[in-house]
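Student: Below, each chain spelled out in residue letters.
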Amino acid sequence: MKVLWVRYQLLNHLLLILGVAFLALPLWMVFASSTHDPATIIRDGMQLGLSDQFFETYLGVLTEKKGFTQQVTASMMMLNSMILGVGFAVGKIIVSMTAAYAIVYFRFPLGTLLFWIIFTTLLLPLEVRIIPSYKVVADLGMLNSYSGLIIPLIASATGTFYFRQFFRSVPDELLEAAKLDGAGAWKFFIDILMPLSRTMMAALFIIMFVVGWNQYLWPLLMTTDESYSTIVLGIKSVMQTIDGNRLPEYNRGFALAILALVPPVLIVILFQRWFIKGLLESDK
Amino acid sequence: MKRVTFSHSPIPYLFVLPQIAIIAVFFLWPSFEAIQLSFYLEDPWGLSNEFVWFENYQTIFEDPEYVGTLIATLIFSLSVTFLSLGLAMLLAVQVDGLLRGGGTYRPLITWAYAIAPAVAGLVARFLFSPQIGPIYDLLNPDGEPPWFEPALDSIDAWVVITSGAVWRQVSVNFIFLLAGLQSIPRSVLEASRIDNPSGFSRFWSVTFPLLAPTLFFLMVINFSYAFFETFAIIDTVFPFGPPAGAASLVYKVYVDGFKGADLGGSSAQSVVLMLFVLALTVVQFRYLEKKIHY
Amino acid sequence: MTTLTLNSLQKTYANGTHAVRGIDLEILDGELTVFVGPSGCGKSTLLRMIAGLEEITSGDLMLDGSRINDVEPAHRDVAMVFQNYALYPHMTVRRNMSYALQNRKVPKAEIDRRVVEAARMLQLDELLERKPAQLSGGQRQRVAMGRAIVREPKLFLFDEPLSNLDAQLRAQMRVDIRKLQRQLRVTSIFVTHDQIEAMTVGDRLAVLNNGELEQIGTPMEVYSKPASEFVASFIGSPRINLVSGEVKAGSLHVDGFELPGFSQISDQPVKVGIRPEDFVLESTAKMSLQIDLVEELGSDELLYCVSPTGLDYRIRRPGGSGHKVGENITVSVISEKLHLFSSQSGKRLN
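Those protein sequence lines, which keep their order, are chains A, B and C.
Residue 1116 is where the first sequence starts when you use the working numbering, and the numbers rise one by one after that.
Residue 134 is where the second sequence starts when you use the working numbering, and the numbers rise one by one after that.
Residue 227 is where the third sequence starts when you use the working numbering, and the numbers rise one by one after that.
For reference, chain A alone in the conformation it holds in the complex:
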C-alpha cells in the first residue's frame, strides 16, 4: 500500500511536469529561436537550444526603427505599453474606488439608477461595441492619443464591483466610530477606507496592468500613428513586414514577442500572492 501511495505521488509529479512543460516549452522555443540568426531558423525550423545572437538581436530590436513607417523601435513600443498598462490600472483604480464608495456609503437620489447603469456595463465587453466606440473616439478627436487609448477601456464596471464587494465587508462599526470622532465623508475615505484598501488596490493594479498591457483590438483600431503602437501590437505589424521580405527576420519577431511577454509575466510572478487574491476576489 505504501508502494501504491508513492507511485501515485510520482504520477502526480509526472503529470504536473508535463503540464508545466506544455505551458513553458512553446515560449522557450520562441526565446531560443530568437537567439539564432534567421538563416538557421529558416533552414532548420524553430530551435530548442540557445545560440549567440541574443545581444545583437535584442539590442537591434530595441534600438532600430522598423515597422511600416520605419519610425518605431521596440523600446518606444514598450514605453507605450507601459503607459497604457500603468495608466489603465491607475485610472481604473481611482475611478472604480470612488464610484464604489459613492454607491456603498451614501443614500442619494439617482443612487440606485446609477448603480444599475454601472451594472449594465458588465454585460457588454468592448469587442461587442467596437465600431461605434471607435467612431465616438474619432469624433472626439482622441484617436492616436494616450487618453483615447486608456479612457474608453475604463468604462467597464469590474473594478467598481470589486471595490463595492470589499467595502461591503468593512464593518459598520468603523464608520460609526469615525462619525463619533468627527470625520466627514471625505476624511473617512482618505484616512480610514483607503489605507484599509491597500491590499485590494495592489491586487487590482496587478491584474489591470496585465489586462492593459495585453490589449490588442482597441489599440489596433485607434492608433494609426505607429508611434503610439504598443509592443503587443508591434508584434503583428513587424511580423507583417517581416513576412514580406525575402529573408524573414524571424529572430526579431520572436524577440519582440519575448519583450512583450516579460514585463507582465515578471509582475505576475513577483506579486503572485496579491495577483491571485485579486483575481479570486474580483470574480465572485
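FYI, nobody ran anything at the bench for these hints, they're computed from the structure.
Here a beta-carbon is modelled for each residue, glycine too, at the ideal position from N, C-alpha and C.
Heads up, some of the hints might be wrong.
Covered, in the sense of this in silico footprint (three residues per stretch, anywhere, with C-beta under 8 Å from a C-beta of chain B), are these stretches of chain A [what the hints assert, rightly or not]:
#, region
1, 1124 to 1134
2, 1245 to 1253
3, 1345 to 1351
Take the given structure of chain A and dock chains B and C to it, following the hints.
Tutor: Chains B and C in isolation, oriented as in the chain A frame:
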C-alpha cells in the same frame, strides 16, 4: 447597502461622476449608436442613410457566411471551454493531491495568465507554420503530401486558433479550480476516505459536485472569452486574414465594419453579439441566485 | 469480538515534532475507551492513526490480530464521527448515511433497512430528505453518528464529537452516545479534552500527555489512584490540591506537619495531592486554615483557604454549609487519602 451611511453630502455625486461620465460617453453612446446604425443602410458613397427596419438583420441571417461564422464560433467556444477546463482540472487535481511541493508548481502554472492572447496567437502561428513550425513538421512528415494546412483549410485553421486559445486559458482556469479544490473542507474528504476505498469514485461523488459552482462560473467565463475576446489570436495567427470559414463573429464585425465599411451590417452583427452576451449574463445571474448553498 | 492492540506506536512529523511517543495500549471488545488529555497531547493524532488518516511512523497497529498499519482507511472497517461532523454538503441525510454502504456494494434493500433503523434510533426519520445546511448542530451530529452506525463496523471512532455543541446539548448527547454504544456493543474510542466528559462516557480512560500514555484504567481507578501528578491534576474537578513536601526516614513532612507511616518510600522530595473532598472538619484537628473565598454552587460549597505557612487549599463542603470569608477552620486528612508523587518524575509513590 450599508446600515450606516453618510447623508447630505455632495461627495457621492462627485465621486461617482468620473465612472458615470466615462460610461456615458464611451459605453452608452456607442451602444446606442450601434443599435441605431443597425437599422440603417448606407449607400456605397456614404452620402445618405436609409432607414430599413430589420433588413440588415435579415440580410445577415440569410447570409450563409454569417451563419457559418456563427456556428463555427459556437463550436470553437465550446471546444476551448471544455479543453482548457479539462486540462486545468487535471493539473489542479494533481497539485491539490500533492503532500509536498504543491507550492512549487503553483507559480509555475499561474504565470501563464500574463501571456497576451496576441502572443499566444503568435506562438501558435509559428509552431504550426509551414516554414518553420515543429508541430507542422510533426503532422506532415517529409516525403508525404501534407494533410494539415491551416492556411488553406478552415478546420485546420481552427485547430491552430483553438490550440492558442486553450494554451493561454489553462492557467486562468487552473487558478480558480485550485482555489475551489482547496476550499473543500478537509474533514469531508477524510470522511470520504473512510467511506469509499476508490479514489476515482471519491473524486466523482464528493469532490466534483462540491466543485460545481466554480466549474459553472468558469464555463461561462471561458465561453465568453472564446466567443468575444479571441480576436487577437485570430489576427496574429492570420495577419492577412484567416481562410474562409475560420473567422469568429467578432472578427467578422471588425472586417465588415472597419475594412468593409458596411456599418449597417456590422452594427447589426454587433447587436446580435450584445444579445448573446445578455443571454449569457442572465443565465449566470439566474444560476447564482439559486446557487447551491451549503 | 474486536480487539485493537497498539504496540509502541509512534508518530513523528517531517519537521521533527513527536506527536505520539511509543504508546502501548489494548482496547477491549465492546468497551468504550476514552482518550483524554490537554490540547496537543496526541490523542487526536492517535485516533487518526487508528483510522488510517495519519501515517504511523513506527510500531504496530493490530486489529483482531492482523497488522493494519498500511491498510486503506476504507478497508479497516472503522467508522468515524468527526468534530465538525464532515457531512457531505451536497447529499441528503439519507444519501450521507448510505454512501459508505453503496461503495461496498451492499444490496439496496439492506441499505434501506439499516438507514431506516438508524434514523429511528437517532430520531432522524423526519429529516432523511434534507441537506446538512438545513439542519441544526445537534441534528447534524446525529446524522454523523447515523452514518457511523449503519456501517456496522468493528470500531467506532469519535473525534471530540461534542465540542461544537452548547453545554446543555452536550450533556444530553453524552448520555445518548453512551446508551447507544451499550446497546450496540461496538468497540469504541472516544477522544475528548474535557475530563468530565471522559469520566462520564468511558468504560476506561487513557490519559495522554505530550504524546505519552500516563495511565489507563476505569474512571474510578484513574480518579482514586492517579498514576502520576499529571493525571491527578488533570482528572477531578475542582482540581486536586498539590503541596510540596519531603519524605525523610519514613515520615512525610508537609506544610509544617510530620506524618509517620511512610517507611516504604525512600527519602526524597515529594508532591502531596489531596482531593478537595478528602478534608475532614474537626475541632480537634491540628491544621488551621483561613477562608479567603467562598463559592456557593448549590450542591457544593467550595472554600478557598490559606494555611499559616501561606499555602493555598481548595476544600469541598456540602452546599449551604454557611462558611464565611475570614473564618478559621481546622481540618485533617486521613493518611490513606493522600497521594504522593515524586517531585522529580511525577510518578505515584504510594
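Student: Which numbered hints turn out to be false for this structure?
Tutor: Of the numbered hints, all hold.
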